[in-house]
Amino acid sequence: MPTAETELRRRELNRRLLTVGLITPAILLVILFLYYPLVFIFRMSFTDTDSFLSPGGPVFTWANYLAMVGRYWPNVLITFQLAALAMIADLVFGFPFAYILVRKVRYRDLVRGFMVFPMFGALYIAFGMRFIILPGGLATPLFQALHLENAQVLYSLPSVVFAMSIFTFPFMVMNIGTALSNVDPTLEEAAACLGARPPQTFTRILLPLTRSGIVAGSLMVFGWNIGAFAEPLLLGSINEQRSLAWTLYQRGVVQTDYGLSTTMGVVLLILAFTVTYFSLRYSRGALVE
Amino acid sequence: MSSRRLTDLLSHAYLWFCLILFILPFLALLGYSVTGPGGAYAIENFKYVLGSFGSNLGWSFRISGLTLLLNAIFSLPCAYALVRFNFPGKRFLFSGLTLPLYVPGAVMGLSLVLTYNFTYRLTNSIWGLVFAMTVGTFPLMLTPLVVALKDLPPVYEEAAQCLGATKWQTYWRVVFPLIGPGLSAGLLLSFIIVFNEYLVTLFVHPTGVTTAPLRVFNLVRTAGLQPTTAALAVTMQLISFVAVLAFFRLFGTRYLKGTYLI
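In order, the protein sequence lines correspond to chains A and B. Heads up: the first sequence begins at 1 in this note's numbering, then just goes up one per residue. Heads up: the second sequence begins at 1 in this note's numbering, then just goes up one per residue.
Note that these hints are calculated values from the structure, not bench results. Here the structure is a predicted model, which is why all the values come from computation and not from measurement. For glycine and all other residues, C-beta sits at the position ideal for the given N, C-alpha and C. Just so you know, not all the hints are guaranteed correct.
Partial pick of chain A residues on the chain B-facing surface, computed with a CB cut under 10 Å [unchecked claim]:
id	residue
1	Val20
2	Pro74
3	Val105
4	Ile226
5	Leu268
6	Val275
Derived Cβ-Cβ restraints for the label pairs, each shown as a range [unchecked claim]:
id	chain 1	residue 1	chain 2	residue 2	range
7	B	Trp16	A	Val254	52 to 62 Å
8	B	Leu9	A	Gln200	20 to 30 Å
9	B	Gln161	A	Ala196	43 to 53 Å
10	B	Tyr171	A	Glu5	24 to 34 Å
11	B	Pro206	A	Glu149	38 to 48 Å
Every beta carbon over 12 Å from chain A, so not counted as near; a handful from chain B, in silico [said to hold, decoys possible]:
id	residue
12	Ser55
13	Phe87
14	Gly96
15	Gly136
16	Pro153
17	Val155
18	Ala160
19	Phe203
20	Gly208
Whenever a hint applies, use it, and build me the whole structure from the sequences.
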């Protein structure tokens, strides 16, 4: 005879089964197509070039990782450099933008409409910029005024950093903007009343209060830009084209040096994860508790 | 002019300067795409887009559609379980499911192409590409759904069940319509990303399947700058922009919170 107790237990079991059933497909998807492949390349990074395929089986070696701090160290460095410079550019130009957007502007939706354009893809940004900077292109009068050669600017670090910072600018603005909108405007007014000049208000009031947004945004921008692929390729000289994402493609797909390319992948991954982890810790709001 | 008005003016000017910079690449390509040989205006480039690049656009739409479908299928139940049920490790699960967003594209592409080649044997199927896209944009579909479900008070479901509805009926007739905006946000975001995706596609696409952005990428690297390539790039961006506009018009910006498009 079904008692209340067994009925409750049955319901509880059904609920548990349902929960498992609902979340399993997603878990499977992510394990099969993300986590297992990542583990796979992690293992492969310890093998020698394409020995994974060889009849004798994979050859275990540390050489790939040694190469990363040896021969390929410039690649790691340039990747870092590009991402760091883009992050700084985004900070310097993004903070005022966020401030103006949050404090002074009524037509925010219009601005948001414009801001989606960079997100469509770094490829279009790089492509468009290449067109603009090309000799005979739109920017020629500007360059002539500054006594610069078009070709000099085209395949150079600044143009790559410029394109990268455009792409991630919206992320920075959003992070800082959220932090800024949580700062009470009356605080700034009070500071002004008490005699603070704008630079003082900025350094003593705004910066400390928006620190978490700044850090979150910077780290997110940095993490995103580490994997930059199209900008260094289309806008950079040989030096910028050494960035890890493109080198990874070259070595991995074109030259089938699986050991080395997966090592680069692992390095990129660890960098991106570390940066993003800290970024998320600084930004507000866990969606699921 | 008072200094306050001057700063205001400068502020707005700065804002607009930055905004123009954002769309400058697009505008430049737009201008370029309507030039023909000899510098004359030519709309033929766009006809070329529909003709020769039509198959690429077709692939892009097809892949996007399949990805959106899969994303919805996987994330609707998952979001519901995450919000409505209690179980240990929820935060961990959510982080684990959101992680794909933070994996650099090249790394994802490489890991998938190698795994497809050596373990799954999935290289010559379109599904390899579709699943790659699905896993990459899964968080973008999950997050708006979670937000939407959190905003929905459980009382509606409880009321429906009190009135005699089964769980299925409750879900389809009460919950699903009410999270419509959240679902649309997820669809929009996934569409934008997948439609314009070229990096993972570069690694994983089966031979013979070239999506439009990948075609742009290949053409820029091989044929340099051509008006037709620019026309294709412009078309892609226009389609994406129209999709975003339509979404903003219909649903506002609430459901994009937390997904960094807003």
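Hint check results:
1. Val20: holds (9 Å)
2. Pro74: At 18 Å from the nearest chain B Cβ, proline 74 of chain A fails the 10 Å test, so the hint is violated.
3. Val105: holds (7 Å)
4. Ile226: holds (6 Å)
5. Leu268: holds (5 Å)
6. Val275: Holds, because the Cβ-Cβ distance from valine 275 of chain A to chain B comes to roughly 9 Å (cut-off 10 Å).
7. B:Trp16 / A:Val254: 52 to 62 Å: This hint is violated: roughly 43 Å between Cβ atoms.
8. B:Leu9 / A:Gln200: 20 to 30 Å: holds (23 Å)
9. B:Gln161 / A:Ala196: 43 to 53 Å: For glutamine 161 of chain B and alanine 196 of chain A the Cβ distance comes to about 59 Å; the hint is violated.
10. B:Tyr171 / A:Glu5: 24 to 34 Å: Holds: the Cβ-Cβ distance is about 28 Å, inside 24 to 34 Å.
11. B:Pro206 / A:Glu149: 38 to 48 Å: holds (43 Å)
12. Ser55: holds (19 Å)
13. Phe87: Check fails; 6 Å does not lie beyond 12 Å.
14. Gly96: violated (7 Å)
15. Gly136: violated (8 Å)
16. Pro153: Holds: least Cβ distance 17 Å, greater than 12 Å.
17. Val155: Since the minimum Cβ distance to chain A is about 19 Å, valine 155 of chain B lies beyond 12 Å and the statement holds.
18. Ala160: Per Cβ check, alanine 160 of chain B is outside 12 Å of chain A; nearest 17 Å; holds.
19. Phe203: violated (7 Å)
20. Gly208: holds (17 Å)
In summary, the numbered hints that this structure violates are 2, 7, 9, 13, 14, 15, 19.
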